[in-house]
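Enquirer: Using the sequences provided together with the hints, build the complete structure.
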Amino acid sequence: MKTDFQTSPAPAFRLDLAGRYRKGTLWSTVFLAITLLSVFFLATLIWTIVNDSFGYVILVNETDPASLARDGKALEALDAAGLTAVLEENLPGRRLRSLSNEKPLAERSRDDLYSVVMDEVVNPEVKAAFDLSESVLAKETILQTLEEDYPEGDLIFRAWLNRGFLGAAQSSVAIAAGVRGAILGTLMTILVTIVIAFPIGIGAAIFLEEYAVDNRLNRFIRINIYNLAGVPSIIYGMLGLALFVRLAEPFTSGTLFGAVADPTTANGRTVLSAGLTLALLILPVIIINAQEALRAVPGMLRQSSLAVGATKWQTVWHHVLPASFDRILTGTVLAISRAIGETAPLVVVGASTFLSQDPTSVFSKFTTLPIQIYQWTARPQEEFRRIAAAAILVLLILMLSLNAIAIVLRNRIRTKKRLSR
Amino acid sequence: MKKNKNDTANRFEIVISKEEEGGNSSPYALEVRNLDIRYDDFLAVKNVTMAFDKRQVTAIIGPSGCGKSTALRAFNRMNELIPTCSTSGEVLFHGINVYEPEVDAVQVRRWIGMVFQKPNPFPKTIHENIAWGARINGYTGDMDELVESTLQQVALWDEVKDKLKQNALALSGGQQQRLCIARAISVKPEILLMDEPTSALDPISTAKIESLLDDLKKRYTIIIVTHNMQQAGRVSDKTAFFLTGDLVEYAPTKDLFFNPKDERTENYISGRFG
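Residue numbers (my numbering), protein chains in the order written: chain Y, 1 to 421; chain V, 1 to 274.
Simulated from the structure, these hints should not be mistaken for lab results. Each hint should be verified, as a subset may be incorrect.
Straight-line distance between alpha carbons at most 30 Å, and here's what the computed BS3-like set of lysine-lysine pairs gives [as the list claims (entries may be wrong)]: (1) V/Lys254 - Y/Lys312; (2) Y/Lys416 - V/Lys163; (3) V/Lys165 - V/Lys118; (4) V/Lys54 - V/Lys208; (5) V/Lys208 - V/Lys218; (6) V/Lys161 - V/Lys46; (7) V/Lys217 - V/Lys54; (8) Y/Lys312 - V/Lys188; (9) Y/Lys416 - V/Lys124; (10) V/Lys208 - V/Lys188; (11) V/Lys118 - Y/Lys312; (12) V/Lys118 - Y/Lys416; (13) V/Lys188 - V/Lys217; (14) V/Lys118 - V/Lys208; (15) V/Lys254 - V/Lys217; (16) V/Lys261 - V/Lys188; (17) V/Lys161 - V/Lys124; (18) V/Lys163 - V/Lys188; (19) V/Lys46 - V/Lys118; (20) V/Lys161 - Y/Lys416; (21) V/Lys165 - Y/Lys416; (22) Y/Lys312 - V/Lys124.
Just the calculated beta-carbon pair ranges, DEER-fashion [to be verified]: (23) Y/Gly203 - V/Asp53: 33 to 41 Å; (24) Y/Ser28 - V/Ile82: 40 to 48 Å; (25) V/Arg264 - Y/Thr415: 51 to 59 Å; (26) V/Leu81 - Y/Arg163: 56 to 64 Å; (27) Y/Asn227 - V/Arg55: 52 to 60 Å; (28) Y/Leu217 - V/Leu81: 16 to 24 Å; (29) V/Asp53 - Y/Leu217: 45 to 53 Å; (30) Y/Gly24 - V/Arg219: 42 to 50 Å; (31) V/Arg264 - Y/Asn227: 49 to 57 Å; (32) Y/Thr415 - V/Asp144: 25 to 33 Å; (33) V/Arg219 - Y/Ile223: 26 to 34 Å; (34) Y/Val195 - V/Ser211: 54 to 62 Å; (35) V/Arg55 - Y/Met300: 22 to 30 Å.
The beta-carbon is built from N, C-alpha and C at its ideal position, and this holds for glycine as well.
Expert: Put into structure tokens, the structure is as follows:
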């Protein structure tokens, strides 16, 4: 017999199943819409960047590379001697002398000479750059522009994000500029940050969570750490400037150790200062996350360790830390991702605005990817917007791959921990 | 301070080794005098004085919230992990009050082991569950031998000898609890405190653990807290009945169950409350 559940036998109850389900459906639809909206924004962001990173460019060469061929060899195929000859023929003596003053031509490598020839002699100039959607949808208009305005120009489909871009140093010519120095700067800075912030952060979290008694001083410290996590990053930049660049200058510039990369500019505005500043910036976040991770370890685990006569430290080291390490790692990854993208504090600490050399040690001058992107987007020329977009892609890829490494590491720990649970 | 603690740590060992050579030994494994335990202002255990016989099973029974677990955890200073908990009175182990300021709680727990209500093996291998406690306590003998003999004492060896390298959490609840008992006795304590060790287990696993106690009491003094009166009747030699923090009655188990002196005890064991 089928019972009619809608007519409840108890009159004071109103079942209203349909209404309850309707409410649930309504909310889940709202949440779905919000999710879709954020996916849409993210997709828009990525599309904008990709759209700017690829597309046709119209190049006009000052000198046609074909006319520079020597002994029947194209310019690209020339060896160092051939390239030197090209330079000597085509450049005024004054410019040649200043180039030789930087580094004698005979000592330069073939690749170096080639890029000098490209910059100084061929000197391709970007007359117009089109984005990806224009290149695909409006090729006719582009061809028309080429014919009408730059009949001598070349139309090339250019991926602004290419191997040359990754491998080249900073340059004042957008088409020759690259992010090698910025990538190295970012990696070295982040390495310093991790080396400093990770152990100190975990150490502080262990102290606060496992050892600190609940007194006024420790409560004060705890509240302050929570507040520090919310302090704007530029304030940390000020702190880094005062503390590391100015006060600890002999240490951060390396003069204390006699290990100065560049004595003329040893002024504390170094990779080390930047890394230390970012470490300060993310310390509160790491501490808070690690504290949460330690707090999530069941108290039973601590008790069972203490009950066999373990000391507190043995308990923490052998049981509490391994049990919480995956969570600690997750928090640290988030904090480091934030540090990679930081720009403001590094501007204050003194990132170099134009740096054509790579950082060689922690005492080198530095620039990072976000700084580079910030500077390029500030330029009025169209083509700098393109390389800024390409640099954003590099930054995103770098960040994603660092995160991926950390996630793989964490999952490995987690599988080991949750083994057959 | 540090030095003093080490001295006391050695004092336990010196006293115990002297007694093994036939020195002056206390007739009891553990003596409790005027034990008061408070959580903030709430007095959870009131002026309890009792003594535990060596190599016997003593059960502590009583309704929920009567302070029986709190009292048990005071015997090896586990209550110190609760910040609001304060203890006064004496717990004498080999004539030394374990609450003396210069006594190190680590050393107390090394001699007075504990098994908890919920099976809580370390999330490590079965082998490591036994070996870890021994290692940190400076065990220098053959570790594999120790693991085997310890697991045999809890009748777990045959079940796990082929999977010693597996995670202990893969075992069933009953096996996990026997592993926890093995972990507690791996450091060769004198006293084993058990805090409702079978309340999270099924009847068959419970029966296995109860039958273990008979063997274990040949080597260890066992104090077991249980809310199960039948269990107390089955496994213990003496039983203490706690009610709202008071030790109401403490007598040989048979006497307490068949001939209770106190009316409250009679009401409780006859099932009129609790």
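Enquirer: So, for every hint listed, does it hold in this structure?
Expert: Right, here's what the structure says about each hint:
no.	hint	verdict
1	V/Lys254 - Y/Lys312	violated, 42 Å
2	Y/Lys416 - V/Lys163	holds, 16 Å
3	V/Lys165 - V/Lys118	holds, 23 Å
4	V/Lys54 - V/Lys208	holds, 23 Å
5	V/Lys208 - V/Lys218	holds, 17 Å
6	V/Lys161 - V/Lys46	violated, 46 Å
7	V/Lys217 - V/Lys54	holds, 9 Å
8	Y/Lys312 - V/Lys188	holds, 20 Å
9	Y/Lys416 - V/Lys124	holds, 9 Å
10	V/Lys208 - V/Lys188	holds, 21 Å
11	V/Lys118 - Y/Lys312	holds, 22 Å
12	V/Lys118 - Y/Lys416	holds, 23 Å
13	V/Lys188 - V/Lys217	holds, 13 Å
14	V/Lys118 - V/Lys208	holds, 16 Å
15	V/Lys254 - V/Lys217	holds, 18 Å
16	V/Lys261 - V/Lys188	violated, 37 Å
17	V/Lys161 - V/Lys124	holds, 16 Å
18	V/Lys163 - V/Lys188	holds, 24 Å
19	V/Lys46 - V/Lys118	holds, 27 Å
20	V/Lys161 - Y/Lys416	holds, 21 Å
21	V/Lys165 - Y/Lys416	holds, 12 Å
22	Y/Lys312 - V/Lys124	holds, 19 Å
23	Y/Gly203 - V/Asp53: 33 to 41 Å	violated, 47 Å
24	Y/Ser28 - V/Ile82: 40 to 48 Å	holds, 43 Å
25	V/Arg264 - Y/Thr415: 51 to 59 Å	holds, 54 Å
26	V/Leu81 - Y/Arg163: 56 to 64 Å	holds, 59 Å
27	Y/Asn227 - V/Arg55: 52 to 60 Å	holds, 58 Å
28	Y/Leu217 - V/Leu81: 16 to 24 Å	holds, 22 Å
29	V/Asp53 - Y/Leu217: 45 to 53 Å	holds, 47 Å
30	Y/Gly24 - V/Arg219: 42 to 50 Å	violated, 60 Å
31	V/Arg264 - Y/Asn227: 49 to 57 Å	holds, 55 Å
32	Y/Thr415 - V/Asp144: 25 to 33 Å	holds, 27 Å
33	V/Arg219 - Y/Ile223: 26 to 34 Å	violated, 51 Å
34	Y/Val195 - V/Ser211: 54 to 62 Å	holds, 56 Å
35	V/Arg55 - Y/Met300: 22 to 30 Å	holds, 29 Å
Violation of the numbered hints given earlier is confined to hints 1, 6, 16, 23, 30 and 33; the remaining hints are satisfied by the structure.
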